[in-house]
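2 protein chains.
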Amino acid sequence: MPEGASDNPVLVEVTRGGIVESRHRGAFAVTHASGRLLLAMGDVETPIFPRSAVKAMQALPLVESGAADAFGLGNDELAVACASHSGEAIHVAAVRSLLAKAGLDESLLACGAHWPLSEEAARELFRGGSSPLPVHNNCSGKHAGILATSVHLGFEVRGYEQPEHALQIMIERVISEICGVALAQSPMGVDGCSIPTWAVPLRALAQGFARFGAGKGFTTERKVAAERLRRACHEAPALVAGAGRLDTIILRGVGPPVFVKGGAEGVHCAAFPELGLGLALKVDDGTKRGAEHVLCALIGAIIPAASSPLAERLSGRIRNWKGLQVGEIRASAKLIAAAAETLHPS
Amino acid sequence: MPEGASDNPVLVEVTRGGIVESRHRGAFAVTHASGRLLLAMGDVETPIFPRSAVKAMQALPLVESGAADAFGLGNDELAVACASHSGEAIHVAAVRSLLAKAGLDESLLACGAHWPLSEEAARELFRGGSSPLPVHNNCSGKHAGILATSVHLGFEVRGYEQPEHALQIMIERVISEICGVALAQSPMGVDGCSIPTWAVPLRALAQGFARFGAGKGFTTERKVAAERLRRACHEAPALVAGAGRLDTIILRGVGPPVFVKGGAEGVHCAAFPELGLGLALKVDDGTKRGAEHVLCALIGAIIPAASSPLAERLSGRIRNWKGLQVGEIRASAKLIAAAAETLHPS
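Just so you know, the protein sequences line up as chains B and E, in that order. Each residue of the first sequence is one higher than the one before, counting from 5 in our numbering. Each residue of the second sequence is one higher than the one before, counting from 5 in our numbering.
Mixed in with the good hints, there may be bad ones.
Since the list gives no way to pick one copy over another, a pair counts as held whenever it fits inside one copy or between any two copies.
Simulated pairs of lysine to any residue, SDA-like, Cα-Cα distance not exceeding 20 Å [what the hints assert, rightly or not]:
{"hint": "1", "residue 1": "326", "residue 2": "193"}
{"hint": "2", "residue 1": "105", "residue 2": "232"}
{"hint": "3", "residue 1": "326", "residue 2": "135"}
{"hint": "4", "residue 1": "326", "residue 2": "168"}
{"hint": "5", "residue 1": "326", "residue 2": "192"}
{"hint": "6", "residue 1": "326", "residue 2": "161"}
{"hint": "7", "residue 1": "105", "residue 2": "94"}
Don't read these hints as lab results, they were simulated from the structure.
Next comes chain B alone, as it looks inside the complex:
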């Protein structure tokens, strides 16, 4: 087993009392749709598991197959199919609506149950005396989309989460085409929600997101499908994550110039359709704190206008329980210098 990624640079520092208390290392790539690397730090060649960051790519067959049209899916249902949602009432309603339109029952969901990511939603559920159901799983929208696509294409719905299922093979082929890598030859892991996740190098993942945004090299059908999914996420940003969560804040605040999606273990990806760029990052330690700060710093550097909706996050203020500022989260000097040199050469 290769050590890999062991020399990735520090991308984010967390300070307290005037010293650096903690640090997050990682790697990222920003590429053109052509694959030309614009900016990279760390190891962008060793495959990493993209986890939920590729949910919009996993949802392409839902649109390309004609299932979304056949079932009359709207923005909420398409957005939740691309989501790692918080289990709020709006999310549960959208997943149930998607399933109902496809004539499916939520007992088919193979994602497993967990308490809603939203503390408030979890407490409401508890107050009502209920236990979490698979529909509350943050991945239930993706699962519902896969189920709907399977039934539309006449595939057996049971076992849809297995890597040998026809729809998982279709998804594997779609991501392989978009990222330009043969996923079938890559390491495969099982995701938190039981479906397969195939490892992809960050450089290829960034190119895949650039293409997903710009439609470059896509068939017309795929280009239209990607646009439709992105538009749904921008029209219904609350469905993609939830109240107070970064993907929702970015989709809503920055709008169509950027499409973003995070995944577990510190992965985050973005597409910049107007610029024809894609971004993929992973922090080595798998922390959301590290990944989200790298993401904000890079989006702020790539789209200066995004700095305003991201101001609160970019300030990085760490407050304690009494509201006193006790430290800050900030991009490392190396990251700032690399971004400035490449993206805003003087």
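The hints should help you fit chain E onto chain B, whose structure is shown.
Same frame as chain B, now just chain E:
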């Protein structure tokens, strides 16, 4: 500002699908009470903030001053004074009892309020229509202990959380003496609960814990006070953390051969009184996942009998929402080799 700690080795790996998905770097020291280093990896000389890992040292004046005797404090109250508790009913009761015995009101607590760390306790509070109070703050026992000591010594209680308060100066001197470093010359940060935290090198912190366990170099009063606090934590392990939390599991399962306490941002410390050893560790990224696995691996290596109560943690199995094993958390080969070579030379 020094970069520091930038070359710390990978101590923990997290796998999925046969590859390393994430990794945690860090540093640790295991020393004798004399200060002689038994085993170390990474940078153990640059000061780090020990955060809540030194709560038992911060509680020494409560016993040394005679306050604990004067107020007739029992094990629960002493243990909660050393705790980062989960805000369960037993914790809230012990903090309130400590304050009541000292004739103090909980409105004096300056730690700020947060929802109980225990999800269950948080949901119960929510179901009852209540909001969290300062007494639910995981540090409220420490604050109550500081308040009780202050009132016993005739200090002004208001402002007890400020670094210039007489009791904070006393605590700073106690930790300086135990760890053999002049904290007043060290970087000082403000902790999550608003009291000061002074930076200490891991090597000095490990020596301090060795002394705290063995009483070596202590006055009789301090030795007795340290023993009393450790005994309280072993008699009432549920009070020190809470249900399902590692410090409680170790204190209960391994018993007097080890005293442990974790702090925020990936710090964990331990004393091995019978062996005269101390341990201090910090993972660079500040994650509990990384710190707790390093701690378990080292305790298991230092006290082989501890491997049994720690078996579940040491197995490192990562299960997904359906209960499938999808990966593992494991000590890195470097950590295993270093521990084996020093602690169990063939």
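- Query: Looking back at the numbered hints, which does the structure fail to meet, lowest number first?
  - Reply: Going through the list in order, the structure violates no hint and respects every one.
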